[in-house]
Structures are given as structure tokens and as C-alpha cells.
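**Q** Sequence:
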Amino acid sequence: MRVIATAGHVDHGKSTLVQALTGTDPDRWAEEKRRGLTIDLGFAGLELPSGEHVAFVDVPGHRRFIGNMLAGLGPAPAVMLVVAADQGWQAQSSEHLDAIDALGLETGLLVLTRCGLADADRVAEVRRSALEHIAQTSLGAVRVVETDAVQGDGIGELRSALDDLVAGMPPLDGEGSVRMWLDRSFSVKGAGTVVTGTLAHGTLRVGDEVSVAGERATIRSLQVLGESRDEVGPVSRCAVGLRGITRDAAPRGSALLRPAGGLESTTIDVRRETGCAWSESSREVSVHVGTAAVPARVRPFDDETARLRLESPLPLRLGDRVIVRDNSAARIHAGATVLDLDPPPLERRGAGAARAATLAVWESGRASDLVVDRGHVSVAWLEGAGATGWGDWPLALPNGDGFGIVDRVAVSAAQVTAWSQQLDELVSDDARDPLSPGVAVAALARELDTSPAVVHLLAAASGLDVDAGRVRGAEHRRDLGGADTALAQLRERLQASPFDAPEADDLTAWKLGSREIAAAAERGLVLRLRAQPADIVLLPDAPARAMRELAALPQPFTTSDARQALGTTRRVVIPLLEHLDARGWTRRDGNTRTVVR
Numbered sequence: 246m247r248v249i250a251t252a253g254h255v256d257h258g259k260s261t262l263v264q265a266l267t268g269t270d271p272d273r274w275a276e277e278k279r280r281g282l283t284i285d286l287g288f289a290g291l292e293l294p295s296g297e298h299v300a301f302v303d304v305p306g307h308r309r310f311i312g313n314m315l316a317g318l319g320p321a322p323a324v325m326l327v328v329a330a331d332q333g334w335q336a337q338s339s340e341h342l343d344a345i346d347a348l349g350l351e352t353g354l355l356v357l358t359r360c361g362l363a364d365a366d367r368v369a370e371v372r373r374s375a376l377e378h379i380a381q382t383s384l385g386a387v388r389v390v391e392t393d394a395v396q397g398d399g400i401g402e403l404r405s406a407l408d409d410l411v412a413g414m415p416p417l418d419g420e421g422s423v424r425m426w427l428d429r430s431f432s433v434k435g436a437g438t439v440v441t442g443t444l445a446h447g448t449l450r451v452g453d454e455v456s457v458a459g460e461r462a463t464i465r466s467l468q469v470l471g472e473s474r475d476e477v478g479p480v481s482r483c484a485v486g487l488r489g490i491t492r493d494a495a496p497r498g499s500a501l502l503r504p505a506g507g508l509e510s511t512t513i514d515v516r517r518e519t520g521c522a523w524s525e526s527s528r529e530v531s532v533h534v535g536t537a538a539v540p541a542r543v544r545p546f547d548d549e550t551a552r553l554r555l556e557s558p559l560p561l562r563l564g565d566r567v568i569v570r571d572n573s574a575a576r577i578h579a580g581a582t583v584l585d586l587d588p589p590p591l592e593r594r595g596a597g598a599a600r601a602a603t604l605a606v607w608e609s610g611r612a613s614d615l616v617v618d619r620g621h622v623s624v625a626w627l628e629g630a631g632a633t634g635w636g637d638w639p640l641a642l643p644n645g646d647g648f649g650i651v652d653r654v655a656v657s658a659a660q661v662t663a664w665s666q667q668l669d670e671l672v673s674d675d676a677r678d679p680l681s682p683g684v685a686v687a688a689l690a691r692e693l694d695t696s697p698a699v700v701h702l703l704a705a706a707s708g709l710d711v712d713a714g715r716v717r718g719a720e721h722r723r724d725l726g727g728a729d730t731a732l733a734q735l736r737e738r739l740q741a742s743p744f745d746a747p748e749a750d751d752l753t754a755w756k757l758g759s760r761e762i763a764a765a766a767e768r769g770l771v772l773r774l775r776a777q778p779a780d781i782v783l784l785p786d787a788p789a790r791a792m793r794e795l796a797a798l799p800q801p802f803t804t805s806d807a808r809q810a811l812g813t814t815r816r817v818v819i820p821l822l823e824h825l826d827a828r829g830w831t832r833r834d835g836n837t838r839t840v841v842r
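Our numbering puts the sequence shown at residues 246 to 842.
Hints in this document: simulated from the structure, not taken from any laboratory.
Note that the structure is a prediction, hence the values are computed from the model and not measured.
Treat the hints loosely; a few may be bogus.
[What the hints assert, rightly or not] Quick list of simulated restraints, FRET-style, between CB atoms:
1) Phe431 with Leu640: 41 to 49 Å
2) Asp398 with Ser573: 37 to 45 Å
3) Ala789 with Asp834: 35 to 43 Å
4) Ser573 with Val433: 38 to 46 Å
5) Ser759 with Thr804: 51 to 59 Å
6) Thr804 with Ala754: 25 to 33 Å
7) Arg544 with Gly385: 31 to 39 Å
8) Thr839 with Ala641: 51 to 59 Å
9) Ala602 with Glu692: 41 to 49 Å
Built from N, CA and C at the ideal position, the CB exists for glycine as well.
Could you put together the complete structure from these sequences and hints?
**A** The structure is reproduced here in C-alpha cells:
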């Protein structure tokens, strides 16, 4: 299926033309039929001579309903621009064409209606004028079909022209994520909430988990032009029955997303593609994309680039075309391409001009631009943003001026250089303290704003030592500086009396504080057992020595038995026995223990 929107001035026969093509009146409301005026979006389907199916989105032409028109035109990949031969080019013909150009639509037809009400010269003049207007837009040169829907003239030729138009459209992409902008939402008794929209990319299946405006839901049914389906691919006009969400939670302008969740943006940087310079823009505007319309504020960087601050978040993608409408002048100000969905804050004087220079060389959606700008970007963000060009980057730290992906993060070579320099500085600073066991990997990850896995890779590339979750330089001292002499005295005492752990006053006299003891324990010179009011310090082989003595006792044994066998005090024996329990060498049962190893 293909989806085509109508466009054109009010009362130029768009709905009549759709009805002549499809047999379906797209005007749904009684007021529309009473006034003979399309107010909201209408929909109708057609099978072309080739067998290809087309769904029409019929949009209102009156200037008071321009918002509804943009909601219908926004998601459509092709357009049928309608001009009445008896009236010729009119104001809304121009505004609708401005919208087409702002969206960058390149596929379309010009259809002249009511040709039976104008003579040949008038038809030729309207044709020439319309083609001149269209030639200056993204549509360029288009095929023209002359019709009179009331008499049925030209309808067969129009069906043939639509067949040719559809045949020249790009292939459909049924893979990847789904973002379907919603244009209708209603409740059906027994079926729950139903939403409709144009599915342009990806595939929906019954049972899929999706989200709309942050609310999770499950697809319970799918229909295309009234026909039930288990699966729907692009491009389709589809109705989706949802379980787990109310109609009010899925209004027009929201989007159905699969996978559920995804990026939403309130601040975007854009480049003008059509329309007036940003310096001429009102600061208060409306931004239209898909079926959504949200108020926004404009901050121009220069005439070509600007920042838009949206009043409410939108699920945008890099490369989206948005329409910026000047509310005060009631006209389309510009069409723009989204360059960045999460731009950096502008805090310094001249930051706007600097940002303009950065954006001037960006290509829409190119991942390398974003990674150079930020240094590193998560792959999840690149995927959600629709960034391109990163799929073949190596899964390794990059070098030269390239890019790589490590631990699901895309990084630039410049970022790796900066990280490596920062890592070397942090480790070198730490090495000045002889008591330091090295810098914790987790702490380095926080300092570098990256993951522990990346820190490990950076350390290895820089020739740094990583052991027990800490990073040290090759020059890191293994001695304890001035504490070595005191530590040697402590170890000599414990060699003679393995379980005669020094009191806190003894350690203080030797000038062995908690940092010195921690450093010695990290180097494997002593064993520190946590206890209150002070830790117990023994030699690393004290547990093995204790086990030899305890194994010789009648089993089970008491704490008092152990204290006497080891020739020590309760201050030492209790934390030592708890240490043996924790290692699984002894097993406690009430007030006794048994050697199990």
C-alpha cells in the first residue's frame, strides 16, 4: 500500500475528486456534509489498475483549518495537489505548496479539477501558472492530469497516473523501529481504544508491546482499510486496537512507538531548508511534525541555523523535517531539518555563533558529527535517534582520526586521547602517595564519565596495571615509605606470636594508622580483620596457622577452647573465628564450632 495526501485551496474539489476515484466520501462529519466544506482529515482507499492499493488522506483547504491540513500532510510520503481550473491558483494553494516544500516532499501529481467549467485557454493558463509555482519547490517537475470529477472526465487517466507515481516511489522498509503519528483516537465497544495513522516504516504485529505518549500498551488488533490483519508493514493506513491505554492518553499528535519508550526531545537544533531567515522569525512559533503541533521558542544562531525549545516533548529523529509556523503572521515561516536532539547548553558569550559554525558542516543524521561534538555517545542513543553511518565502526578503541564502539558506546579517537591523558594524570597523582593502593576503577569511570569496561581498555592501552579493581602506574611504589620500618617490627612480633595482635595503642606508637594498615593489607603484608572498637591485625598466614591448632581440638569446640589453643584473647579470637566461618573453614552451631576443612 501507498499513502497519498491531497492538498489545495478550499472548495477546489479535493473531496469530490477522492470520492470519484474511490467511491468513498472522505467527509466524515455531518457539519462537513452540510457546509460542503472539509473541516478535518478524511480517509479513503483505492485499488489501482496494477493491483497496488492506495490510501488517500484528504485534508481541509480552508485557512482556519491549517493545523488539520498539516497533520494530514505531515506523515504522507506523496501528495496530490489540486487546483480548480475555473478559479486558478489561490492563497491556500500557495500555503499548501509551502507546506509541501517545507516537508521536502518530492513525489506528487498536479490535478486540475472542474475543467468542464473553464475553456481550453483558461485551463492552459491555470496549468502553466501552477507548474511555475510547483517548479520552484521540492516537487520540481510533476505530471499534470486534467479532470472533471462530476462528469467523470480524466478519472481513468488519473488512476493510471497514480499507478505510475506509485511505481516510481522508493522501496518500502519493513525493518527497524516504528513511529506512527496518530491522527485519530476513539473507543469501540468491546474493542477498547483504537488509534489510526500512517505506518511509514517498520512492522506492527498483534501482541507487540508499544508506547504512546509515555504510556505502555499492547496491540490487540490491526486493520488496514477495514480488513483485519495479524501483521502490518509499510506504507499503510492502519487502525490499531490497543489494550492498556485510554483514548484520552493517545490524542492526535502523539506517536505510537515500537520498541516501547524511546527518545523524546524538548530542545532541538535545526537547519533551515525553505522559507525565511531565522533572524526574521517571531520568537514564539508553532512547530509541526507528523501530526503533532507544539508551541516553541526560537533562538537564532544565524540565518540558517537555530535552536527550538519545545513546550512539550516530541519523539523526534535526526533528519526529521519540521514546519515552523509564525503564529502572529499566520503563515509558514520555514521548513527545517533536525540536526541534534539533545544539543549542549549555550552558557558562554558567543556560544550561539560557535554553535552555528559547528552545525554548518553537519550532515543530517550523520553519527560522526554527533560523536565528534560530544566525544562519546551511547549506541542506544544513536539507535533511538536514527543516526546513520556508524554500523561498520570497529568494536575497539579507535586511533588516528577514526571512531570505534566499546561497551556499547561510540567514541572518537580524539576522545580516547583526552581520556588517556586524564587517566594518566589521575594515576600519576595517586602514585605520589606511597600508601595508596591505586585508584579504584569505579572512581576513574566517574571522573572520565564512562564505564568501568572502558577504563580497563584505556588502562591496558596505556600500559597501566589493573589489579583487584584498582589502577596503578608502572612506577607505583610497592613500599610503604616511612611506614616500612614500623611494619617490619609488627611483622617480627607476629612471627614470634602469631595471634598476639597489637592493641590500638601499640599501632599508634609505631605510627601505623588506618591508611598504613590498609596499604599493607592491600599489598598482602598483613591481614586486617574488621572488629570493634578497633580492627585486628595479623599476618596473612594466621588463618592457616589457626586451622592447624583448631583441627587438633575435640570437635566441636567452644570459643574458649579456641582461645586457649591459640594462646590469645577474646578480642582476637572472635573476629578470627568469624573470618574462618566466612571462608567456610569452620561451621558454627550455636555456641560451638566444627572444623569442616
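**Q** Work down the list of hints and note, for each, if the structure agrees.
**A** Status of each hint after checking the structure:
1. Phe431 with Leu640: 41 to 49 Å: holds (47 Å)
2. Asp398 with Ser573: 37 to 45 Å: Taking Cβ atoms as reference, Asp398 and Ser573 lie about 43 Å apart, which means the hint holds.
3. Ala789 with Asp834: 35 to 43 Å: Once the Cβ atoms are compared, 23 Å apart, the range 35 to 43 Å for Asp834 and Ala789 is violated.
4. Ser573 with Val433: 38 to 46 Å: With a Cβ separation near 41 Å, Ser573 and Val433 satisfy 38 to 46 Å, so the hint holds.
5. Ser759 with Thr804: 51 to 59 Å: Check failed, 27 Å falls outside 51 to 59 Å.
6. Thr804 with Ala754: 25 to 33 Å: About 29 Å separates the Cβ atoms of Thr804 and Ala754, which means 25 to 33 Å holds.
7. Arg544 with Gly385: 31 to 39 Å: holds (33 Å)
8. Thr839 with Ala641: 51 to 59 Å: holds (52 Å)
9. Ala602 with Glu692: 41 to 49 Å: violated (30 Å)
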